[in-house]
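Colleague: The residues making up each chain are set out below.
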Amino acid sequence: MKNRIVSGAGAIVAGLLISVGPQTIFKLDPPMEDGTWMTCHWTGRAELGLGLLIAALGILLLLFSSAEARLGLSLAAVLAGVLAVLYPAVLIGGCGMENMRCRSVTFPALYIIGSLTMIGFALNSVYLALSVRNRKKGHGS
Amino acid sequence: MSGEKNFLSFALGDLLRRPFRTVALLFLVCALSFGLFAGSLISLSLQNGTDALSKRLGADLLVVPRGYERRTQGILLGGEPSTFYMDAAWTQRIAGAKGVRAASPQLFVATLNADCCSSPVQIVGFDQKTDFTVGPWIGSARPGPLSMDEIVIGGAVNGSVGGRFKLLGRSYAVAAKLDRTGTGFDSSVFMTLQAARRAAVDYVKKTGGAEVPAGAVSSVAVSLRDGYSAGDVEDNIGGAADAAHQKISVISAEKFVGSLSGSLRRTIGFAAALCCLLWVLSVVVLAVVFSVALNERKREFGLLRSLGATKGKLVSLVLLEAGGVSLAGGILGVGLGALLLLPSGAFLQQSLNLPYLQPSAPQLAALAAASLVLAFAAGPVSTLASVVRLCRDDAYLVIREGGI
Amino acid sequence: MILTARNLVKEYARGGKPFRAVDEVSLGIGKGEFVCIEGRSGSGKSTLLNLLAGILTPTSGEIRFEGKDYGALDDRESSLLRSTKLGYIMQGQSVLPNLTVLQNVLLPFVFSRRSCGREKALSLLEKAGLLPLAAQYPQDLSGGEMRRVSIVRALLPSPELLIADEPTGDLDAETTEEILDLFRAATKEGTAVLMVTHDRDAARFAGRLLTMQAGRLSAADPL
Numbered sequence: 004m005k006n007r008i009v010s011g012a013g014a015i016v017a018g019l020l021i022s023v024g025p026q027t028i029f030k031l032d033p034p035m036e037d038g039t040w041m042t043c044h045w046t047g048r049a050e051l052g053l054g055l056l057i058a059a060l061g062i063l064l065l066l067f068s069s070a071e072a073r074l075g076l077s078l079a080a081v082l083a084g085v086l087a088v089l090y091p092a093v094l095i096g097g098c099g100m101e102n103m104r105c106r107s108v109t110f111p112a113l114y115i116i117g118s119l120t121m122i123g124f125a126l127n128s129v130y131l132a133l134s135v136r137n138r139k140k141g142h143g144s
Numbered sequence: 060m061s062g063e064k065n066f067l068s069f070a071l072g073d074l075l076r077r078p079f080r081t082v083a084l085l086f087l088v089c090a091l092s093f094g095l096f097a098g099s100l101i102s103l104s105l106q107n108g109t110d111a112l113s114k115r116l117g118a119d120l121l122v123v124p125r126g127y128e129r130r131t132q133g134i135l136l137g138g139e140p141s142t143f144y145m146d147a148a149w150t151q152r153i154a155g156a157k158g159v160r161a162a163s164p165q166l167f168v169a170t171l172n173a174d175c176c177s178s179p180v181q182i183v184g185f186d187q188k189t190d191f192t193v194g195p196w197i198g199s200a201r202p203g204p205l206s207m208d209e210i211v212i213g214g215a216v217n218g219s220v221g222g223r224f225k226l227l228g229r230s231y232a233v234a235a236k237l238d239r240t241g242t243g244f245d246s247s248v249f250m251t252l253q254a255a256r257r258a259a260v261d262y263v264k265k266t267g268g269a270e271v272p273a274g275a276v277s278s279v280a281v282s283l284r285d286g287y288s289a290g291d292v293e294d295n296i297g298g299a300a301d302a303a304h305q306k307i308s309v310i311s312a313e314k315f316v317g318s319l320s321g322s323l324r325r326t327i328g329f330a331a332a333l334c335c336l337l338w339v340l341s342v343v344v345l346a347v348v349f350s351v352a353l354n355e356r357k358r359e360f361g362l363l364r365s366l367g368a369t370k371g372k373l374v375s376l377v378l379l380e381a382g383g384v385s386l387a388g389g390i391l392g393v394g395l396g397a398l399l400l401l402p403s404g405a406f407l408q409q410s411l412n413l414p415y416l417q418p419s420a421p422q423l424a425a426l427a428a429a430s431l432v433l434a435f436a437a438g439p440v441s442t443l444a445s446v447v448r449l450c451r452d453d454a455y456l457v458i459r460e461g462g463i
Numbered sequence: 250m251i252l253t254a255r256n257l258v259k260e261y262a263r264g265g266k267p268f269r270a271v272d273e274v275s276l277g278i279g280k281g282e283f284v285c286i287e288g289r290s291g292s293g294k295s296t297l298l299n300l301l302a303g304i305l306t307p308t309s310g311e312i313r314f315e316g317k318d319y320g321a322l323d324d325r326e327s328s329l330l331r332s333t334k335l336g337y338i339m340q341g342q343s344v345l346p347n348l349t350v351l352q353n354v355l356l357p358f359v360f361s362r363r364s365c366g367r368e369k370a371l372s373l374l375e376k377a378g379l380l381p382l383a384a385q386y387p388q389d390l391s392g393g394e395m396r397r398v399s400i401v402r403a404l405l406p407s408p409e410l411l412i413a414d415e416p417t418g419d420l421d422a423e424t425t426e427e428i429l430d431l432f433r434a435a436t437k438e439g440t441a442v443l444m445v446t447h448d449r450d451a452a453r454f455a456g457r458l459l460t461m462q463a464g465r466l467s468a469a470d471p472l
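Protein chains in written order, with this note's numbering: chain E, 4 to 144; chain Z, 60 to 463; chain D, 250 to 472.
For reference, chain E alone in the conformation it holds in the complex (with noise of 0.2 Å):
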């Protein structure tokens, strides 16, 4: 129960940083004079998109009592994490210029709390992945 609570909590608060900080707490960069928006706004697009999946893997770890079922999506919360981090590393990016808000405050706030994330769900993963072989053997015994 305390399992599920705890990731379930902690995988909608990180989704919902991830979706919603870009936007608000750690803002990307305004648009561009003319009105074109810069590389990392598409960043922050795509990240709000995967915050809210991360948010609904949490709600999902809050329902599911099974721990097979919250094995997987623990799991699935992991790779999220990771992708978090690439949005902005590699596959989309951001603005050149290091002292531009994307680069100096957005992009490091991903990258602490995707790896967090990342960090996180992996343990939970081994956690879980342990519960379910020690009652397997229990059960076997």
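Just to be clear, a hint being listed does not mean it is correct.
No farther apart than 20 Å at their CA atoms in a straight line, the calculated lysine to any residue pairs in the SDA-like style are these [stated by the list, open to error]: (1) E:K139 to D:Q385; (2) Z:K265 to E:P34; (3) Z:K357 to D:G341; (4) E:K30 to Z:S410; (5) Z:K225 to E:E36; (6) E:K139 to D:A383.
No lab work stands behind these hints, which were simulated from the structure alone.
With chain E fixed as given, assemble chains Z and D onto it according to the hints.
Modeller: Relative to chain E, chains Z and D alone:
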């Protein structure tokens, strides 16, 4: 059926059997190692940045229009790009002042748009004939004079050697890219004085501001003759300014860097003292917790003694548990510190408005290792008193009548 | 004699004054003997047992186990003695709650380099009627079952001498009988038993009965 336990798994198993206590101790050691690593990383980065700034300045004095001292410092430390001018005749006047070995003009022009993004860069135009500040750095990256259409970009500017870079609507060839310094030079673009004057005209066309005065300069970099102090030459230049009823300001590079270094030294000293205090506090708290825990386990230890455990084995048990917690906590703290601080270099430089240059990979590894060792040591050190009791006291371990 | 003690004294300071918990005790235990010491709480019984088990150093006096003087042994040698030739059953519960029954029984092997006697442990557990509980944790066991686990653990290395401090304390009559049966079976296999109790009924099972009073040992009144 589950198998028998060996000594190591028995010791570490005890940590798992007391999750609340273990997590609390882990958190404490994690905070300790995070504090040590983060504190030393930030301190070293500030130190590196200040050293780089002092090397890069090159000049002993910088003469700028009066009232523009702050904006000049901003350019040096990496703040807002600026455009300002003073009379070009000053170059000659300053060069002729007593104690001046060399004087070289520079022109600062802010761009509005570097074409990829809306973050302006600072254009620094320098006189290739008289320059002695920018040239030596550019010279190592690109020997030979620059043409009107060539630029050298700072380490944080988004461009590559051989590529093209658009500034104020004009395209330039990137002749070289400088190493990072953690200062304002990183987001600057260097070109010839004539090219910078042309860029200033472009700037005026776009912003509709005042016309660029002919032969305008923003500052004059001054190198002192041997035997003359910065103060004397400041006075000499100041005297010439008063005579001409002109308002200029002389910035002493030594004082500027010195004041940065001075406050940095104080900050680093304060941070180091805090780290020491943190370490001592952690050891004390760990010692108290372990002492209470071992007291609770007197009966268990008495049992283990009666089953044939030597005093040495009991000591190993205690040290393994303390070492296990502090190793895990140490790794966690250093990892967290690296995760939070390494991507945040640019943010820290902007927030602190100080030169900030993150250490090289070997320096980082050394910092991480040192923080880890200190955090790890806290565990076993904190158990010393309990360990001494274990070794010394028969009666401590013996179960008295009544069972406790 | 496998164990001899001569003029044992253990003195503590109590309220600034010296206090003798064990006062000039001499004792001998032969192979396969079943000796019982009875006495009231505070008479020094547990202190005497700790001295004889070698985990407490006497203020004066001599203890010899199979001719070896305890005083001449270093910590490593006396620990080895305790793990191979001496079985000690503490007063109260002495099973670790975080280990299974089998892990508790095999605990002495965690601290020694000997190969573990897993097969022998399982066989002893079976004799004690505990085999089905081998994978259980102490929280699932009754008081009597836990006490039997301690006894199996003490008997596992086939000790020469088994020292038991109040092994039947707070147990019912039937469980007491089961435990004393285990002791009797051990003496038949050549293990001497030294038991401390204040249960007169349990003391009847012993071959020799002694009384401890104010730190002094004497032969008991006939039962």
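Colleague: Hint by hint, note whether the structure agrees.
Modeller: Outcome of the hint check:
| no. | hint | in the structure |
| --- | --- | --- |
| 1 | E:K139 to D:Q385 | holds (17 Å) |
| 2 | Z:K265 to E:P34 | holds (19 Å) |
| 3 | Z:K357 to D:G341 | holds (14 Å) |
| 4 | E:K30 to Z:S410 | holds (16 Å) |
| 5 | Z:K225 to E:E36 | holds (16 Å) |
| 6 | E:K139 to D:A383 | holds (19 Å) |
The structure shown violates none of the earlier numbered hints.
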